[in-house]
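J.: Here's the letter readout for the chains.
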Amino acid sequence: MKKNNGELGFFKRNSEKIMTITIILILILITLPIIIGYFWLIIRSFSEDMVRGFVPTKLTLKNWRFLWSEMKGYPNIWVTTFNTSIVALGVMAIEVLITSLGGYALSRYDFPGRSSIMKLILALHAFPAISLMVAVFYLLKVLNLLDSLFGIILLKASLEIPWGTWIMKGFYDGVPWELEMAGLIDGYSRFETWIKIVLPLVKPGIAVTAVFAFLSGWSEFVFINTFIFSQKFWTLSKYVKGIIGDFRFADYGLVTAVGLFYMLPTIIFFFFVSKHMIKLTIGGVKG
Amino acid sequence: MPSIRVKNLKKYFGKVKAVDGINFEAEDGEFIALLGPSGCGKTTTLLMLAGIYKPTDGEIFFDDKLVNNVPPKYRKIGMVFQNYALYPHMNVFENIAFPLKTLKLSREKIREKVLEIANRMFISEILERKPTQISGGQQQRVALARALVKEPEILLFDEPLSNLDANLRMLMRAEIKRLQSELGITSVYVTHDQAEAMTMASRIAVFNFGKIVQYGTPDEIYDKPSNMFVASFIGNPPMNFLKGFSVKSVNSELHIFRDDVELILPLKMKKGIFESGVEKFILGFRPEDCEIEFESSSNSIPGTVYVLEPLGRDIIINVKIESTGEMVKVFADKSKIPERDQTIHLVPKIEKIHLFDPESELTII
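Chains A and B, in that order, give the protein sequences. Going by our numbering, the first sequence opens with residue 1, and the numbers climb by one from there. Going by our numbering, the second sequence opens with residue 1, and the numbers climb by one from there.
The following block holds chain A by itself, in its conformation from the complex:
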């Protein structure tokens, strides 16, 4: 009997092991193209040349020269990086401010048109922004915001806000009403209660919205490419596009290095976010 049990247990463990290994193998296989792609990107950016476009030859920092020397025909990389940060931070600031207010209103107030607004938000999010290009061009022209980073920030933020509001509403929904009631009874106004009690409890939501807003601002290309004309307002995405060039011979060492440089904040942010995303629970008290 004993032996039989042992065998059974062993058999079970073994089959589980095989299962796990199979799953891992499949996952590796699926992610392989992506991993190889990034791997190539990193190797290429530190290599003199690639034999058959794949085997690195000599280690070099030459491709990263754009960081410390002016590139002819291109704006200064640090000005461009600064512009990119301005756009990303601007979108983030506006979006966090408006979505944290709008999400609260949608979650807590019952006003006429509330449900249609919520439906509209979803529909709006499904619309490709690109379809608005002509109208937006006209709008920016009228507002005198063409060739201006502020115009891009406003545009990008306004397209992101519906989605962010929806996300924030979800987080507000998770805050029990009683906490707000308690705040009111403890002697605070509704606004003070929102600041002191509700906002701290939706911090994870604000973090998520902020990070996504930052990244979407950081990675914005289409609007920059369309509505920004002066090199002094270029952002990194436009810079990458510039060095790939339409009528130039592409220096792939340079392209990979700039591309990698451009990706850095994204990579850092995702490491940061993935940790926090798992903890996306409102710290409610057990009831």
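Incorrect hints may appear among the rest.
As the list claims (entries may be wrong) - List of simulated lysine to any residue pairs, SDA-like, C-alpha gap at most 20 Å:
(1) B:54 with A:177
(2) A:238 with A:69
(3) A:203 with B:16
(4) A:196 with B:132
(5) B:243 with B:276
(6) B:349 with B:300
(7) B:329 with B:353
(8) B:101 with A:191
(9) A:196 with A:137
(10) B:54 with A:108
(11) B:130 with A:180
(12) A:196 with B:94
(13) B:73 with A:191
As the list claims (entries may be wrong) - Computed list of chain A residues with no C-beta within reach of chain B, every gap over 10 Å:
(14) 34
(15) 43
(16) 72
(17) 86
(18) 89
(19) 187
Unchecked claim - Not everything, but these chain A residues come out facing chain B in the computed CB check (under 10 Å):
(20) 170
(21) 173
(22) 177
(23) 179
(24) 180
(25) 184
(26) 185
(27) 186
(28) 189
(29) 190
(30) 192
(31) 197
(32) 200
(33) 203
Simulated from the structure, these hints should not be mistaken for lab results. These figures come from a predicted structure and were not determined experimentally. Even glycine gets a Cβ: it sits at the ideal position worked out from N, Cα and C.
With chain A's structure known, arrange chain B on it following the hints.
T.: Just chain B now, kept in the frame of chain A:
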């Protein structure tokens, strides 16, 4: 401490009449309970007293001051919620100190007050912990401390004990009652647990469907329920009801009867019965107001023992009235315990009998 007076108070949510014209008052320092099943409007009433909900109609007075439009923060109230509503991002100390921070007190003064109330509620050991790191009973004490720290004039309780286990509930029940009488704060206590209402409050308002069906002392509510709802809601086990009785005068006696039973009622009930104009009655008696006999007698109801429920101190006997299938619960004398399926005879205490109108369900006697 102020008295509370509620006049014709209403709260409608769209078409739903959550509270539909209620009246009650609580004296200065009194402890009253709002009792009723879930969804009967008692919590809505409490939230109107707190100033969270605005009444649709009617008036709320604290002393002689109309407070309908006074925001919660000016009402000098403290409230304890069912789920305690402790702020999860603050530790216990900060939770208790939170109401004090609006008062522009010095840090030392706040600290002093928090420590004082924490001592009183036996939670000074856990001031540094977060609400999620303490037990349900401790959360309850923290919630009480937070409600009391501002020295409110009115205390509102919204089912504060229903999340605790049975033993702790009994303990806190006594503690809250003691605390309230020591502090003399006018208190309104919402509960669906009749035992809490009976043991703690000096007066109970029994709610049903957004209305107060009876408002009175625990004894009044228990001994003279105004209708069948109150009679069946109060008491554990609740009152027994037997249907289909008629009344007749025999010689100079008053008889109440149906096919299987005929009881003689005291003559003093005659006036009330005939003035009601009702012809069919529902007879009610409480489980403890009934004797068990093994022999048939004049004032007895025959039945068979369905099941026995021993409670340690008492035993509840479930009796099935064979002719109608009605079930009756009575407390039995421990020296006189029948066996299952045995035929016995129930002798209700005639003085303690209640009669109800089956149409309106109102009490006649």
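J.: Does each hint hold? Answer for all of them.
T.: Quick rundown of the hints versus the structure:
1. For the proposed pair residue 54 of chain B and residue 177 of chain A, the alpha carbon gap of about 16 Å is at most 20 Å, so the pair holds.
2. The suggested pairing of residue 238 of chain A with residue 69 of chain A holds, with an alpha-carbon distance near 19 Å, which does not exceed 20 Å.
3. Of the pairs offered as hints, the one joining residue 203 of chain A and residue 16 of chain B is violated, with about 36 Å between alpha carbons and a cut-off of 20 Å exceeded.
4. At roughly 19 Å between alpha-carbon atoms, residue 196 of chain A and residue 132 of chain B fall within 20 Å of each other, so this suggested pair holds.
5. Proposed proximity of residue 243 of chain B and residue 276 of chain B is supported: the alpha carbons are some 17 Å apart, at most 20 Å.
6. Between residue 349 of chain B and residue 300 of chain B the CA atoms are separated by roughly 10 Å; this keeps the pair inside 20 Å, and the hint holds.
7. With a C-alpha separation of about 15 Å, the suggested pair residue 329 of chain B and residue 353 of chain B falls inside the 20 Å cut-off, and the hint holds.
8. Pair hint residue 101 of chain B plus residue 191 of chain A holds up; C-alpha atoms about 16 Å apart against a cutoff of 20 Å.
9. For the proposed pair residue 196 of chain A and residue 137 of chain A, the alpha carbon gap of about 41 Å is over 20 Å, so the pair is violated.
10. Restraint check: the Cα-Cα separation between residue 54 of chain B and residue 108 of chain A comes to about 16 Å, which is no more than 20 Å; the hinted pair holds.
11. In summary, the hint linking residue 130 of chain B to residue 180 of chain A is supported, as the alpha carbons are separated by about 18 Å, within the 20 Å threshold.
12. Taking the CA atoms of residue 196 of chain A and residue 94 of chain B, the gap is near 12 Å; set against the 20 Å cutoff, the hint holds.
13. As the CA atoms of residue 73 of chain B and residue 191 of chain A are separated by approximately 13 Å, the hinted pair is consistent with the 20 Å bound.
14. Non-interface call for residue 34 of chain A relative to chain B: holds, since the shortest CB-CB distance, roughly 38 Å, exceeds 10 Å.
15. Consistency note on residue 43 of chain A: stated as away from chain B, and its beta-carbon is indeed over 10 Å from all of that chain's, at 46 Å minimum.
16. With 10 Å as the threshold on Cβ separation, the claim that residue 72 of chain A sits away from chain B holds: the shortest Cβ distance comes to roughly 54 Å.
17. Even its closest Cβ contact with chain B, about 32 Å, leaves residue 86 of chain A beyond 10 Å, as expected for a residue assigned away from the interface.
18. Distance check on residue 89 of chain A: its Cβ is at least 26 Å (rounded) from any Cβ of chain B, clearing the 10 Å threshold; non-interface status holds.
19. A beta-carbon of chain B is positioned within 10 Å of the beta-carbon of residue 187 of chain A; the least distance is around 4 Å.
20. Checking residue 170 of chain A against chain B by beta carbon gives a least distance of about 18 Å; that is not within 10 Å, so the hint is violated.
21. Evaluation of the residue 173 of chain A hint against chain B yields a violated restraint, the C-beta minimum of about 16 Å exceeding 10 Å.
22. With 10 Å as the threshold, the beta carbon of residue 177 of chain A comes within range of chain B, its nearest partner Cβ sitting at about 9 Å, so the hint holds.
23. Look at residue 179 of chain A: its Cβ gets to within about 5 Å of chain B, closer than 10 Å, so that hint holds up.
24. The criterion of a C-beta within 10 Å of any C-beta in chain B is met by residue 180 of chain A, whose closest approach is roughly 9 Å, and the hint holds.
25. Taken as an interface hint, residue 184 of chain A checks out: its beta carbon lies about 4 Å from the nearest beta carbon of chain B, inside 10 Å.
26. About 5 Å separates the beta-carbon of residue 185 of chain A from the nearest beta-carbon of chain B, less than 10 Å, and the hint is met.
27. At its closest, the beta carbon of residue 186 of chain A sits 4 Å from a beta carbon of chain B; the interface hint therefore holds under the 10 Å criterion.
28. A distance limit of 10 Å between C-beta atoms decides the matter here; for residue 189 of chain A the minimum to chain B is near 7 Å, and the interface restraint holds.
29. Hint status for residue 190 of chain A: holds, given a least beta-carbon distance of 9 Å to chain B, under 10 Å.
30. Given hint, residue 192 of chain A at the interface with chain B, holds; its Cβ is 8 Å from that chain's nearest Cβ, closer than 10 Å.
31. At a threshold of 10 Å, the smallest CB-CB gap from residue 197 of chain A to chain B is about 6 Å, leaving the interface hint in force.
32. Given the 10 Å rule on beta carbons, the hint for residue 200 of chain A holds: about 5 Å separates it from the nearest Cβ of chain B.
33. Below 10 Å, beta-carbon pairs count as interface contacts, and residue 203 of chain A has one with chain B at about 8 Å; its hint therefore holds.
Hints 3, 9, 19, 20, 21 from the list above are not met by this structure, while the remaining hints are.
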